[in-house]
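Colleague: Chains B and X: place on chain E using the hints.
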Amino acid sequence: MSPVTTTAPLATYLVRHADDNLIIGQRLAEYISEAPELEEDLAIGNLSLDHIGVAMHLYQYAASLGGAGITADTLAFLRTEREFSNVLLVEQPHVGFGDVIARQFFFAAYQTLLWEALVSSCDETLSGIAAKALKEATYHLRHASGWVVRLGDGTDESHTRMQAAVDGFWRFTGELFESDALVDEMVLAGIGVDPARLQTTWETRVSTVLSEATLTHPSDPYQATGGRTGMHTEHLGYLLAEMQWMQRTFPNMEW
Amino acid sequence: MTYEVPDVPGEETEEVAFGFDSRGWPLWEVFVRPKRGLSHAHVGSLHAPDAETAVQNARDSYTRRAEGVSVWVVPSTEIFASDDSESLFEPFADKPYRHPTFYDIPPEVGQL
Amino acid sequence: MQTTAGEIRFQELIDADEKVEPRDWMPDGYRKTLIRQIAQHAHSEVIGMQPEANWITRAPTLQRKMTLIAKVQDEAGHGLYLYSAAETLGISRDEMQQLLHDGKQKYSSIFNYPTLSWADMGTIGWLVDGAAIVNQIALQRTSYGPYARAMVKICKEESFHARQGYSILLALSRGTEEQRAMLQDSIDRWWWPALMMFGPHDSDSANTPQSIEWKIKRVTNDELRQLYIDQTVPQAHYLGCTVPDPDLRFDVDTGHWSIGLIDWDEFWDTVKGNGRLNRERITHKVKAWDDGAWVREAATAYAHKQRTELEKTA
Chain E
1 MSPVTTTAPL
11 ATYLVRHADD
21 NLIIGQRLAE
31 YISEAPELEE
41 DLAIGNLSLD
51 HIGVAMHLYQ
61 YAASLGGAGI
71 TADTLAFLRT
81 EREFSNVLLV
91 EQPHVGFGDV
101 IARQFFFAAY
111 QTLLWEALVS
121 SCDETLSGIA
131 AKALKEATYH
141 LRHASGWVVR
151 LGDGTDESHT
161 RMQAAVDGFW
171 RFTGELFESD
181 ALVDEMVLAG
191 IGVDPARLQT
201 TWETRVSTVL
211 SEATLTHPSD
221 PYQATGGRTG
231 MHTEHLGYLL
241 AEMQWMQRTF
251 PNMEW
Chain B
256 MTYEVPDVPG
266 EETEEVAFGF
276 DSRGWPLWEV
286 FVRPKRGLSH
296 AHVGSLHAPD
306 AETAVQNARD
316 SYTRRAEGVS
326 VWVVPSTEIF
336 ASDDSESLFE
346 PFADKPYRHP
356 TFYDIPPEVG
366 QL
Chain X
368 MQTTAGEIRF
378 QELIDADEKV
388 EPRDWMPDGY
398 RKTLIRQIAQ
408 HAHSEVIGMQ
418 PEANWITRAP
428 TLQRKMTLIA
438 KVQDEAGHGL
448 YLYSAAETLG
458 ISRDEMQQLL
468 HDGKQKYSSI
478 FNYPTLSWAD
488 MGTIGWLVDG
498 AAIVNQIALQ
508 RTSYGPYARA
518 MVKICKEESF
528 HARQGYSILL
538 ALSRGTEEQR
548 AMLQDSIDRW
558 WWPALMMFGP
568 HDSDSANTPQ
578 SIEWKIKRVT
588 NDELRQLYID
598 QTVPQAHYLG
608 CTVPDPDLRF
618 DVDTGHWSIG
628 LIDWDEFWDT
638 VKGNGRLNRE
648 RITHKVKAWD
658 DGAWVREAAT
668 AYAHKQRTEL
678 EKTA
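Protein chains in written order, with my numbering: chain E, 1 to 255; chain B, 256 to 367; chain X, 368 to 681.
With the rest of the complex left out, here is chain E:
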């Protein structure tokens, strides 16, 4: 294992959630200055800041459990594609506002449930991070749901675009609820939550918003998977190449 990361089970568990947040935070950051209105640009900035902030707290906690020399920044900037364990949904690129909203909607609906459950983690630090993140995710979901409804039930054009966006990202939603040996271990220790048990509520909440938006519930039977074990789509490599460029080009420097 490279010296920039950590292998303790709890740390690995923290890093996977940190990766989810960092990567979607980075995707949102790409969109800054491209929103349909100035007000929405400010909102996107807040979303991005919330996610990167959560990622930093989780990385810092993970780093504190690892060896010397591991920091939040080494975790973010010096790991490779295969070492990132985020779900595929968050690394998917967007073309326009509809994509940004659809991706955010599915992810926020999941994160509100995740953090809500993790607030009762017996790990106090994680529980504290979850409590703060829950407040943020609740707002993210409200914001994204509001837009799903407005775009779905707006004009014919926006309906078509929004339908395409939710259909496009749908195949990356199943992965959010996958469990593995690490999850089992964390659940057993009273630290983590089994995402599988969040799926029904997620499905209900998502369906409610989709029908209010007059959108057809996506039915793509294919569900992609692999993010948690580092089997990513090709999009992540380019995202990392850009994000890690400074640290890779100018190694071992203080910024």
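Check each hint, because a few of them may be wrong.
Said to hold, decoys possible - Covered, in the sense of this in silico footprint (three residues per stretch, anywhere, with C-beta under 8 angstroms from a C-beta of chain B), are these stretches of chain X: (1) 459 to 465; (2) 609 to 617; (3) 657 to 671.
Keep in mind the hints are simulated off the structure, nothing from the lab.
Please read all numbers here as calculations on a predicted model, not as lab measurements.
Every residue gets a Cβ at the ideal spot worked out from N, C-alpha and C, and that includes glycine.
Modeller: Only chains B and X this time, still in chain E's reference frame:
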């Protein structure tokens, strides 16, 4: 950031048409309650398609530094204003007897 | 010509250093000058997001990334405050944006220079925002109420911008040879454009006397520029850097730094639209606006449906 943007000598500047055009999202006035116990105060305006979005935008645009615990939004067209030019308020300026400092009370009297 | 009550009242307010408010009578020229100035400030804020957004995705640490996002977000917020102030004068934000997109209103030419290294994020915060702050502090006393209030708010929020910029540069100055070279290169590229931000010399600035008389502008271009140079040169030296001006010297008699000649040809060229990135900046802005049209229309349509629904049930 604020900048000096000079006019290019000899280049014509635009003719500004006065009067709103209504293509865009309507304008809303934003009022923020800085903390419990204080009134909502006007802080500025923003554009939003509807009230719910306006509240969200107000939160994202006007409370980024924890400036508030509550916001109101009001469609700008719904604000009715006094006509300030007609000296509506001047008659009150010469009635100092409404203010406590108008009355001279000996200090021995104590708190009044 | 007869002087109207409105004109007398307006002059009284200006003379007494009181604020002019939206519903007051004001001369057409005053209104037009303000609309143009405030709109162009707003455009500058909004276009100014681009050169910095250029480095958000590549910021070297998580903390620097978050700070930069917060800063770029502030620029959007400041654009919003300023557009709001201009809207009180009877022009809509859409109209102002259209004037920007059509090239009929401008933005500060400083943003037509490219950001080519991470050091530029520091230099922009320190030199560009620093220049803006000097200008803004003066503008807090501007005669038009909504503009002055926007300035107060902006000044309060922006105090962190210059500091975060300088802290990026401090880190570089304490770093490796490579980092220090990056720092010096950045200052070399931004120094003169930053000085040009204060606009032409007073003697060449057609609008200054009238703006000063109306108290829209409170201090002249050259006065502000000198104030800025005096505060900035020692800060460059503290970083172990030089500014790219062989004629720079400290005048012991006046207590001021004096500089060499500003290249006004470059300045006017950039203002006229021939800067390095004029076209890219506007293209990016127009594209974002056009790409968002379906979203804005959808939200309007949805709001309309909701209102109609409400009226039906009422």
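Colleague: For every hint, state whether the structure bears it out.
Modeller: Evaluation of the provided hints:
With 4 residues carrying a beta carbon less than 8 angstroms from a beta carbon of chain B, the stretch 459 to 465 of chain X meets the three-residue requirement, and the given coverage holds. By the rule of at least three residues with a Cβ nearer than 8 angstroms to a Cβ of chain B, the coverage given for the stretch 609 to 617 of chain X is violated, with 0 such residues. Counting residues of the stretch 657 to 671 of chain X whose CB falls under 8 angstroms from any CB of chain B gives 5; the rule of at least 3 is met.
Going down the numbered hints, you'll see the structure goes against just number 2.
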